[in-house]
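**Student:** Given next are the chains, with one letter for each unit.
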Amino acid sequence: MSVIVWLPLLVLVLPFAAFVLLAVVAPLRRAGRRAAGVSIAAMAVALAGALVVWSEGFRSLTTWAWIPADGGPMATVGLFVDPLSNAMLVLVTLVSLLVQIYSLAYLHDERPPALGRYYTYQSLFAFSMLGLVLAPSFVQMFIFWELVGLCSYLLIGYWYDRPAAASAAVKAFWITKLGDLGFIAGIVMLWSATGTFEFQALFAKAQEHALAIDGLGTIMFLIYLGAVGKSAQFPLHVWLPDAMEGPTPVSALIHAATMVTAGVFMVARVQPLFVLVPDVLALIGWVGAFTALLAASMACVEGDIKRVLAYSTVSQLGYMMAAAGAGASYASFLHLLTHGVFKALLFLGAGAVIHAVGTNDIFRMGGLFRAMPQTGVVFIVGTLALAGLPPLAGFFSKEAILAGVWEADLTWPFLMLALTVFLTAFYMFRVVFIAFFGRAHAAGHPHDPPWAMRGPLWLLAGLTVFVGLRLWMGGSGGHHGPGWLAPFSIALALGGIVLAWATYRRGAVDPARLAGSFPLSTLDFLARRRYGLDALYGGLYRGFLLGFSRLVGWVDRYLVDGLLNLLSACTLRGGDLLRRIQSGRAQDYVYGVAFGVLFLLVWAQWWKR
Amino acid sequence: MRLPVLSLITWAPFVGALLIMFTARHRPLAVRLIAAVTTGISAILSLWVYVAYDREAAGFQFYEKVALVPPLGISYELGVDGISLLMVLLTSVIIIAGVFASWTVAVRSQEFYALLLALVTGVFGVFVSLDLFVFFLFYELAVLPMYLLIGIWGSTGEVRPRGIFAWAYRETGVGTKEYAAMKLTLYLLFGSAFILVGIFALYVNAGASSFSFLDLEGVGFPPGVQRWVFLAFYVGFGILAGIWPLHTWSPDGHASAPTAVSMLHAGVLMKLGAYGVVRMGMGLLPEGAQALAWLVGTIACINVVYGALSAMAQTDLKYVIAYSSVSHMGLVMLGAATLTEAGLNGSVFQMFAHGVMTGLFFALVGLVYEKTHSREIFKMGGFGRAMPGIATAFTVGGLSSLGLPATAGFVAELLTFMGAWRSDHRWWLLPAVAGTFLTAIYVLRVAKRIFWGPPSPHFHDLEDARGPEWVALVFLVAVLVLFGMAPSIALAPVDTATVPLLSRIVGP
Amino acid sequence: MSLEAVMFWVVAALLLASSLAVVLTPNLFHAVLYLAAALVATGAVFLLLDSPFLFAVQLLLYAGGVVTIVVFAIMLTERLVGERITQASRWVVNGAIVAAAVFVGIAGFLIQAPRSETRPALAADSTLAIGRALFGPWAGTLELLAVLLVVALLGALHFARPED
Amino acid sequence: MGLHAYLTLAALVFAIGLFGVLTRRNAVGILLGIELMLNAVNINLVAFARFRADVAGLVFTLFTISITVAEVAVGLAIVIVLFRVRRTVEADRLDLLRG
Amino acid sequence: MTPAADLVGALVLELGLGAVALLVFAVNTVVPRSGDRRVVAWIATGGVLVLALASFLVRPGPAVAGGMFVQDGLAIFAKRLFLSATFIGLLASLSAPETGRGRRAGEYHLLVLASLLGMLVLASARDLILLFVAFELMSIPLYVLAGFFKRRAEAVEASLKFFLVGSVSSAVMAYGLSFVYGATGSTALAKVAQAAGNGHPLLLLGLIATFVGFAFKIAAFPFHMWVPDTYEAASTPFVAWLSVTPKAAGFVALFRVYFEGAGDHAAAWTPIAAALATLTIVAGNLMALPQQNAKRLLAYSGIAHIGYMLVGFAAASAAGVAMVLFYLVAYVFGNMGAFLVVEALARAEGSEATAAFRGLAQRSPLLALAMLLFLLSLGGIPFVAGFWAKLFVFWAAAERGLYWLVLVGAVLTVVALFYYLVVAKRMYIEPPERTGRVPVPATLALAVILCVVGVVVLGVYPKPLVMAALRVAAPLF
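Chains as they are written, first to last, in the numbering used here: chain G, 1 to 609; chain F, 1 to 508; chain A, 1 to 164; chain V, 1 to 99; chain U, 1 to 477.
These are calculated hints, taken from the structure and not from any lab test.
Ideal Cβ positions, reconstructed from N, Cα and C, are used throughout, including at glycine.
Mixed in with the good hints there might be a few duds.
With a straight-line Cα cutoff of 30 Å, these simulated DSSO-like cross-link-like pairs (lysine-lysine) come out [stated by the list, open to error]:
#1 F/K379 <-> F/K448
#2 F/K371 <-> F/K448
#3 F/K371 <-> U/K425
#4 U/K425 <-> F/K65
What follows is a set of in silico ranges between Cβ atoms, one per label pair, in the way DEER data are often shown [stated by the list, open to error]:
#5 F/S209 <-> G/D214: 50 to 56 Å
#6 U/A54 <-> A/M7: 53 to 59 Å
#7 G/L563 <-> U/A474: 31 to 37 Å
#8 G/L520 <-> F/W294: 56 to 62 Å
#9 G/V602 <-> A/S116: 24 to 30 Å
#10 U/Q194 <-> F/S503: 22 to 28 Å
#11 F/P245 <-> G/L598: 37 to 43 Å
Taking the hints into account, I'd like the entire structure generated from these sequences.
**Tutor:** This is the structure:
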C-alpha cells in the first residue's frame, strides 16, 4: 500500500487505536492521566502525519467493499484524500491535540475514571471526525457524521449527573438527528436513482449531465437538511447554545472548530451536486445569511460568555453556509478553517477565564485584563479576528464570503451579512469591555492559567495572526470583491466596536435605553427569548409528541388489547352459560337426544338435495 | 458417514435438559455448568457451521434426512441456507448470553434451566428443519415451555382495568404473570393453528405426498391457493412476529418473563415468526407474497411507528423494551415486504441485529431489576455512577436500536430504507425513517432518566454487574459492534440465500 | 273397504288411544294397565301381519312379563312410599311439540319412500322359519342374548338385593 | 293395507312414547314411554318382514323384545335402589349432579 | 381348515373371555361371604392380560357364521385396544377398596367382562341383529356399573340418567335399524353397504336414527349429556375405562356400518359428521372451561376429543379411519392416565377438585410430570401421543379439503389448552397446601406408568402404529 494511502489511514487509525485501547483496557482508562497520555500521544503522531499529508498535497481515492450484494458491493468505505480533506485533517488533528492538552489542566480535579472516560470520548471523536473528512462516499460520511454526533452527545453529557447537561446532550442529539433523517433519506433516494453512494461516481455523472433525475432538487434539499442540523442552521440551531453545558474544551473542539463545521464541509464536498440545483443553493444562501443575523442578534443580549461564543459560532456558520449557497465554496471553506482556529482560541480563552473566575456570567467578571493579562491579550486577538479586522485571519475569509455573496447578487443575504459584521464586532467587544475592562468584582484572585492551557492559547493566537499575514501576503488566493467592499466591512466592524466601547466602557450610551428604544425593544424582547423557538420545540415535544404517544399507549392497552381480553372473557362466560344446559334433570337430557334426532333428520333432508 | 452437525446443534441442549432433570438435583452449580456446556457445544458447532458453509455452492447444506412417517411423507429433514445460518448463530449467541445472564436464578433453578434448554432445542429445530411438519413440531416445542417459564419465574406487573372493556380485564386478571403466560402461550398456539392449516393446504395441493420444503419449493401452486395460504402463514407467523394488531401478547409476555426468557423470546422467537414468513410464505408462495406484499409492508409501517409511540408512553422499563421490539419487528417485516435485495438482506440482518440488541436490553433490564427490584422508570435516576458498566451497555444497545452507525442496527436500517425506496411503495420510507427518530427519542429519554441526572433517593448501595453477568453483556455488545462494523460477515452468506428467493418472486 | 282394513283401523285406534293414555293418565297404575292394553293391541297388529307366533310372544313376554315386573316395582316403591303413586307431567306442550316435530321428521322420509301395497305370498309357516333361523344363522346371537339376559339379571340383582 | 300405514302407525307410537319420556316426572313413567318406543320398533320390523316375506325381521323382533325385557329389569332395579337412597322416583328431582 | 376350526379360530378371544368370566364367577361363589375377594379381581385382571397378549397373536381369518362375524384387521386392532385398555382399567381398580376386594368385587368384574365381551363381538359384527345385541350387551352392564356404589346417592342418580338416556338412544337406534332392515331387506351389513348407493329414503332415515345410538355411545353433542354426571359419580378407575373403551367400540361399529364396503358413498356422511364434529368440539371445550372438578373437566374435554375423532370420521376415507384409530389409541393412554392420576390424588386427598392438584410438582414431581404429560397429550403438544393424533385427523380432513373444519378444530385446541394449562398451573406454579408426597398404590402406579409409556412412545415414534392403522383401515374402502 503506497504512502499516499497508508499515511492518511494511519492518521485515521491512530485515534481509533487509542479509543479501543482506552475502551477495552479498563485499568488504563481508570488511571485517568495515563489514559490522557495515550490519547494525546496518538493525536500528536496523527497531527504529524496530517501535516505531512497536507504539505505533500496527497491525492488518492481508495475504497473497500462494505455491504456486499449480488452485483458488486452495495456500499463501500475508504479514503478520499484531496486538498479539501488534507486541510481538514490538519485542522482537526491540531485543534484536537491542543484541546486535549488544554483539558489536562482544565479538568485536573476530575476523578481519574471520569478523566479516562473523557479522553476515551475525545479519541473516538477525533477518529470519527477524521473519518468524516476522509469519506469517499455518502454512506461513510453519514456513518461518521452520526458518530461525531454521538461524541458530541457523550461529551455534552460529560457531567451526566447535572440535569442541565443531561438534557442539553439529549436535546443536541435529537435535533441533529432530526436533520439527519433528511440526510439519510436523501442519500438513499440518490442511491436508488443512481445506484451508487460514491462521490466520484456521482461527480462523474454530474459532469456528463447524466444526473438529470426528477426530484434531484428534493434529494439535495434533504441532504442539505443534514447540514442544517449539524451546522446549527436556522431553524435547528437551538441545540448549540445549550451544548455549552459540556466542558469548555469540548465546546472549543466540537461545537466551534470541527463538528459543527461538518455541514459546511459536506456542502463544500458535494458542491458539484449542489450546483445542479440552483434553487437549493439559493435557499442555502438565504438560510445561512438569516441564521447569521439571527444568531448575532441573540448574542448581543446574552450574558453567558460561552453562550455568546456559541451564538457567534452559529452566526459564523451562517456565513459559511451563505458563502456555500452563493457558490463561493472556496470562501466558505477558508472561513471554516480560520474560524476553526480563532473560535477555538476564543473558547479556550473563555475557558481559562471561567476556570479562573468560576462563573460564566460576564457581569460577574470584570477587570480581568489586569488579573490575567496573557489570557486577555489572546482573547482580544481572537475577538479582533472574529470581528474581522485586518490583518487577522477572520478578515480575509469573511471578506471573501461577502464578496462571494455580492457577486452571486444575493442582495438581501448580503445586507444581512453586512449587518451581522457590525453586530459581531459589537457583541464581541461588549464581552471584552465588560469582562476584561469592567469594574472588577470577582471573588478571589483570578490569575493566568498553567502553561498546559496557556500554551495552546498562544499557539492558536499565533496561528490566527500568522494565517492572516499569510493570506495577506498570498493575496488571499482567489478573487476579490469590488474595491469598496474591504473598507466597507472594516468600517462596519469599527462601528460595532465603537458602539460597544461607547456603551460598555465609556458609559456614553446606557445599554438599557439603547435596548428600550422602539425598534430595538421588540428585538431585544424577542432575542432574550430566543425568538420563542426553544419554547416551540419544547411545546411540540411535550404537548404533541408525548401527548400523542400517551394516547397511542392507551389505545393499545385498552382498545387493541381490550378487544382481545373481551374475546377471551366472552369465551369464559360462554362456557359458563353453555354448561347451564347441563341442568341435571334426566328428561332434559332426553330432550338433548330428541333435539339431536331432529337436527340430524332436518340436516339430512337439507343436504340430501 | 458425515457428522450430523445440525442434529447435534439442535439436540445438545435437550440432552442438557435431560441431564439437568435427572442428574443435577439439588446441585445448582452443576445445573448451570451443564447448561453452559451443552449450549456452548451448540454455539461452537453453529459457529463452525457458519464458517464451513460453502458460500459458492449456496443452497441448503449440512443436509440430513430420516423418514419418520413415510406414508404421509413426513421425515426428519434438516439443512441450512444463508438465512437460517444466521438465525442459528443468533440463537446460540442469545442462549449463551441467556444462560449466563440468569446465573443468579435462585428458586427451582433445576427446572428453570431444563425448560430453558428444551425451549432452545425447539428454536434451533425450527431454524434448521426443512420438513414443514417437523418445523411445526419444533415450533410448538419452542412455544410451550414458555408457559411454565413465565408462570413460575416471571414477575408480576400491574395493569389497571380501565376503558370500556374493564370488566373483561377483571375477568381475565390482566397484569399477573399467570395471565401473561397464558396469553402468550395461547396466542401463539392460536397462530400455529393457521400455520397448520396452511401447511396442510400446501401438502394437499402439491399432490406429491411430502412435507419437505425442497419438494414443495418446486411446486407451482395455483394463485388462489397461494394467496390464502400466504395469508394464513402471515397471520400465523405474524402473531409470533408481533404484527399489529396481533402483538399485544408480546409486551405483557416479555414484561412478565424472567430475564433469559425475555431475551430468548424477544431476541429469537419473534424472529422465528419473521423467518417463517420469509422462508415459508415468500419461499413457497412467491405469487402470494407478491400479491400481498402491500399488506405486509403497510402493517409493518404501522408496527414501526405505533410500536415506537407505545414504547414512548410506557413507564415500566420492561414494557418500553417490549414495545421497542414490536417497533423493530415492524422494520424486519417491512424489509421483507419490499421484495428487494437490499430490503430482504436488511430484514434478515435486522432480525439478527435486533435479536442481539434486544437480548442485551432484556439482560440489562433483568440486572437492573435484580438490583433495584423496580421497573418503574420514573423512580430511577443517576444509576450511571453506581453501575457504569450497565449504563454503557445500555447506551450501546440503545444506539444500536436507533440505528447508530458502527452498530448492527444501522446497517439493517440503512438496507431497509434502501429497499423501501426501491420497492413499489416508496412511501414506506417515511414511516421507517420516522420510526428511527421516535426510537431515538424514547431510548435516549429512558437512558437519561435511568442512568443520568442526580442519583435517585429511592435506591441505595446499588452495584454494577458481577462475574457471569459480565460475560453476557460484553459478549452481546461485542457482537453488536462487530457486526455493525463488518456487516459482510453476515450479509455475504445471507445474500446467497435472498437473491434466489427474490428471483423466484420478482424474477431475476 | 276390506275387512282387513277395518280391522287395521280399529286396532290402530285402540293402540294409539291406549298409548296416549299411557303417557297422559295421572295414575301410574292405570298407566301400566293402559300399557298392557297397548301391548296387546300391538300383538293384534302382529296378527294382522300374519305372525301369530310373535303375537304369542308379545302376549307372554310383554303383557305378561314386563307388565308384571312393572307392577311389582310399583308395588314395591308404593309400599315404601305408603301412598298411591300419582304422577304429574312436566312441560306437556314442549314435549308435545318436540315429539310432533320428530314424527314430522320421520314422516318426511316416509312420504319419500316408494309405496309397496301388495303383500307377497308367505312361505309356509313363519313360526317354523323363525325356529330354523334362530338355531341356524343366529345361534351365536342367541347365545349372546343369553349372556345379556344373565348379565341383566346379575345387575338387577346387584341393585335389588337389600343392603348388606 | 299398505306398508306405509303400518310404518306411520309405528311412527306415531314412537312419537307418543318419546312424548311420554319427555314429559313424565316419575321414573317408572319414563320407562313406560321407552317401552312404547321399542314397541314401535317391533311393529316396524314385523311390518317390513311381512311385506318382504322375510324371516329375519321376525327374528329381530324376538331379540328386541327380549332385550327390552332385560332393559326394563335393569331399569326398574335402578329405580328401586334409587328410591331406597333418595326416597323419591321423581326423575327431575335428581340434580345432585349438574353443570 | 374346517369351518368349525375357522369358527373357533375367529372366536378365540371371545371364548377365552367367556372362560375367564366363568372362572371369575366360579371363584366368586366359593369365596366365603366375608372373605377377601382380591383373588377374584386378580383372576379377572390376569385373564384379561393374558387375552390382551394373546390378541397380538391372533391373525385375520375369513368371515364365519354366514358372514355375520369377521375377524379382520380392523376387528383385531380394536380388540387389542379394548383388551389393553380393560387391563389397565382393572389393574387400576385392583387397589380400590370396594371394587378391588369388597364383597361385590365378583359382580363388578363379571359386569366389566360382560361389557367387554359385548365390545369384542361388536368389533366383529357384520349383521344388524348381532350388532344390536352386542351393542346392548356392551351397554347394559355399564348402566349397572355406573351406579355400582349403590349407597352413594350421586352414583345411583348418575346410573339412572345414564340408563334413561341410554335406553332412549338405543330405542331410537333400534328404530333406525328396523328401517335399515326394511330398506335393504336383509340384516347383513354387506347388503347395507350396497344399498347405500341408491339413496333409499328409508335407508337414509334408518342410518340416521342408528347414528343416534352410536352418537350416544361415543357421547357426541348433543347426546353427551349423561357423560359429565356419570363420570363424576362413578368410581374413577371404572370411569377411566368407561371414557375410552366403549367409545372406541362405538367408532369401530360406526366404521363397520357406515363405511365398510360403501366406497365413495361413504363421503355422503361427511356433512353430518362434520356438523356434529364442529358442535361437539365447540361445546365440549367451552363447557370444560368453568369446571372445578377434575373428573368433570376431563369428561368435557373427552367430549371435545370425540369431536376431533369425528373430524377424522368426517374425512370418510381410509386415512380418516386410520387416523381415528390412532387417535383412539393415543386417547386411551392420555385420558385413562389422567383419570388414574386423579384417582391417585383423590385416594390421598379425598378430593377430586382441580384445587387438589395445587403444588403437586413440589410434593411428588413424578406424579405431576405424568399428569403434565397426559394433559399435554390431550392438548396435542409435540413429543406426546396426542400431538400426532390431532395432526393426523386434521391431515385426513385437510386431504378431503375440509380446511374450515381443521381451522375450527385447531383454533379450539387453544381453548382446550387453556383449561389443561390451568391444571398444569395448579401443579407447577401454585404453592402446595399440604406437604409430603402423595402415596400411590403399586398397581395404580403401574397402570399410570403404562399410560406414560404409551403416551411417550407413541409421541416419539408413532410410525409403526400409524402404519398398522393404515393397513387395517385400507380394506374398508
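**Student:** Now, for every hint given, state plainly whether the structure supports it.
**Tutor:** Okay, the hints, checked on the actual structure:
1. Taking the CA atoms of F/K379 and F/K448, the gap is about 13 Å. The hint holds against a cut of 30 Å.
2. Pair hint F/K371 plus F/K448 holds up; C-alpha atoms about 19 Å apart against a cutoff of 30 Å.
3. Taking the CA atoms of F/K371 and U/K425, the gap is near 28 Å; set against the 30 Å cutoff, the hint holds.
4. Distance restraint check for U/K425 and F/K65: the Cα-Cα separation of roughly 37 Å exceeds the 30 Å cut-off, and the hinted pair is therefore not satisfied.
5. F/S209 and G/D214 have their C-beta atoms about 54 Å apart, which keeps the hinted 50 to 56 Å range intact.
6. For U/A54 and A/M7, the Cβ-Cβ distance of about 57 Å falls inside the hinted range of 53 to 59 Å, so the restraint holds.
7. In this structure the hint that G/L563 and U/A474 lie 31 to 37 Å apart at CB is violated, the actual value being about 48 Å.
8. Our hint of 56 to 62 Å for G/L520 and F/W294 holds, since their Cβ atoms are close to 58 Å apart.
9. Between G/V602 and A/S116 the CB atoms are about 26 Å apart, so this pair conforms to the stated range of 24 to 30 Å.
10. Between U/Q194 and F/S503 the beta carbon distance is about 56 Å. The supplied range of 22 to 28 Å is therefore violated.
11. Remark: the range hint 37 to 43 Å for F/P245 to G/L598 is upheld by a beta-carbon distance near 41 Å.
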